[in-house]
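K.L.:
If you're matching them up, the sequences are chains A and B in order. Each residue of the first sequence is one higher than the one before, starting from 1 at the first, in my numbering. Each residue of the second sequence is one higher than the one before, starting from 286 at the first, in my numbering.
The set of hints was computed from the structure by calculation and includes no laboratory data. We put the beta carbon where it would ideally sit given N, CA and C, even for glycine. Some hints here could point you the wrong way.
[Unchecked claim] From the structure, some residues in chain A lie toward chain B, with a derived Cβ separation under 7 Å:
#, residue
1, V28
2, Y94
3, F95
4, G132
5, F133
6, M238
[As the list claims (entries may be wrong)] Just a few of them, taken from the derived set where beta-carbon distance is under 10 Å, the chain A residues facing chain B:
#, residue
7, F60
8, Y101
9, F108
10, L130
11, F134
12, A155
13, F187
14, V211
15, G255
16, I264
[Claimed, not checked] Far from chain B, by Cβ distances over 12 Å, these chain A residues were calculated:
#, residue
17, A5
18, N44
19, P52
20, W75
21, R79
22, Q228
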Amino acid sequence: MTQNANSYLIKRWIIKALCYLFFIVLFVICIGPVYMLLINATRNTVQIHGGPSLLPGTSFFENWRSLSALGIDVWLGIRNSSIVAFSSTFLTVYFSLLTAYAVVVYNFRFKKALFVFVLAMTMIPANLYLIGFFQYMHTLGLLNTFIPLIVPAIAAPATVFFFKQYLEGSLSMDLIQAARIDGASEFGIFNRIGLPLAAPGAFTMGIFSFVTAWNSFMGPLFLLGGNQDLHTLPLIMMRMQGDTYQRDLGAIYFGMAITLIPIIIVYAIFSKYIVSGIALGAVKE
Amino acid sequence: MKKKNSISKDYYGYIFIAPFIIIFITFILFPIFNTLYLSFTDARIRPGSWRGDFVGFDNFTSLLGDHMFHMAVSNTWMLWLFNFIPQMILALVLAAMFASTTYKLKGANIFKAVYYLPNLLMPVTIAALFNTFLSLHGPLNQILVGMLGIMPEARNFGAFALDTRIVVIFLQTWMWFGQTAIVLVAGMTSISPALYESAMIDGANQVKMFFRITLPLLKPVMLFVMVTSLVGGLQMFDIPHLYAGQFGNPDNSVLTVNMFMNLRRSFPSALLGYSGAISVLLFLMSSVVALVLFRIFREPDDAKVKKVRRVNS
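Please build the complete structure, drawing on both the sequences and the hints.
P.N.:
In structure tokens:
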């Protein structure tokens, strides 16, 4: 009897150990390349050619200077990417929330039909829209400006859908009625009651839209291709990649690290919100 | 009095949705119809030809006979299929481990967070990074040749079609398995524990329970994952474009439909109508396949579940 119990415990221990081993192997596969990238950003080209290392070097600032010397303006990219990502994230979150709030709080004609239509539109992949959008922006003279990358953020059907579910669960009509009796304007009620109530959801959605905008490549490639002064980080990285074989490897690793560091910092702090956000969106379907 | 007051406020609904509606119609809906329109014209990126003339189905008929288009379609399917299958299996195994109530493995939140990390990184950087890793004098060759001595001499991975495909497939799997696993865990934890308890009383083991309870009940979530992965995967662009260049070389081995569309749009071709037609065909292909998948995998008892849900709500 004790022997049976023992062998059961041993078997259980082995299975658990194998599971952890599996987890750790995948952990290394996911973190390893990123870790190596960050380490190499601090080593000089000679050291990098000498072989991989687990410990950082001392050439961080040297690489920084050499990258600027290569004529690749990472700071311009950070500036342009920040303008696009922050403004489109703000517009997406604010106007999606406003739209969802209207659908939840007010009764108006065609509300249902409108909502079903919008939901159906979330299924259409962005690819169908790009060529038509590109030609249309040319007609309006808006190619090679930030406008086509920022303004459409106001209409984000998937985010509206998320906020509608969110507000239906958290918004109390009594609170709104009470505010009305106190003489608050409808717009004031949205800003002072609706927005704060939805803040946690808005935060999660905000992170997702920011990451999407920050990493976005195809849109900027089509719409900003002709003006290098407006190139966002991904476009600058693409130009830098052409240099991979010829020039300063340390500087190139440094440039790559710059694109990842903001995302890694945000993720390190808020990974809890982000991971729970992924599942939220999917299981509701 | 109160009721009248609340009715009179309802017109604010129109004011609040107005920005969304205006931008939606002008910046999303109109461009979609514009793509459709352009696909029936010979519009080009050239002064005076941006609108083009109506040419009927010409673009579509020449596309169907275009050898490069056929190649792009089969590449795209191959790259998606070979990344989706291992990704799904890996995610299922991981999710079963994360959700296991028998073994209660610790640290699940940390592992989930790390497995999702590659999805957040800039695809341009990922492609550039692996290009550097796999270059002739890069770290992988240094390890395989110098440190481990497995290979006699360095291999120029970028020069082989098969190697390039494997790298693109690996990167797609690397970027997406974490997300798939997290979604599957959420699906698994929503299965009632009572089902497992009664199965355990009946003497079922872990493996049996996984195949008899978990998998069948997870079908709707898996279908959702498959369809979103398919619609997104057929749009594949960033990784192959940036890892293997705009032609997806060597031998166009990783040229996807969207990359082909971009090729035809950019110079020297500069064909707007033709690339519009490529977009339309890609959209039709992914929608038709998504609908077929829904048809095939939707079980008859799905209807029952829906009914129950409707009664509950």
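K.L.:
Take the hints in turn and mark each one as holding or not.
P.N.:
Consistency of the hints with the structure:
1. V28: Where the cut-off is 7 Å and the nearest Cβ of chain B is about 10 Å from V28 of chain A, the hint is violated.
2. Y94: Since chain B brings no Cβ nearer than about 9 Å to Y94 of chain A, farther than 7 Å, the hint is violated.
3. F95: Cβ of F95 of chain A sits 5 Å from chain B, so the hint holds.
4. G132: 3 Å, holds
5. F133: 4 Å, holds
6. M238: 6 Å, holds
7. F60: Given a least distance of 18 Å, the restraint on F60 of chain A is violated.
8. Y101: 6 Å, holds
9. F108: 4 Å, holds
10. L130: 7 Å, holds
11. F134: Where the cut-off is 10 Å and the nearest Cβ of chain B is about 8 Å from F134 of chain A, the hint holds.
12. A155: A155 of chain A check passes; min Cβ-Cβ to chain B is 4 Å, inside 10 Å.
13. F187: Since the shortest Cβ distance to chain B is 8 Å, the answer is holds.
14. V211: 5 Å, holds
15. G255: Where the cut-off is 10 Å and the nearest Cβ of chain B is about 9 Å from G255 of chain A, the hint holds.
16. I264: Where the cut-off is 10 Å and the nearest Cβ of chain B is about 8 Å from I264 of chain A, the hint holds.
17. A5: 16 Å, holds
18. N44: At roughly 15 Å from the nearest Cβ of chain B, N44 of chain A sits farther out than 12 Å, so the non-interface label holds.
19. P52: P52 of chain A not clear of chain B: closest Cβ-Cβ about 5 Å, inside 12 Å.
20. W75: 16 Å, holds
21. R79: Answer for R79 of chain A: holds, closest chain B Cβ roughly 16 Å.
22. Q228: 16 Å, holds
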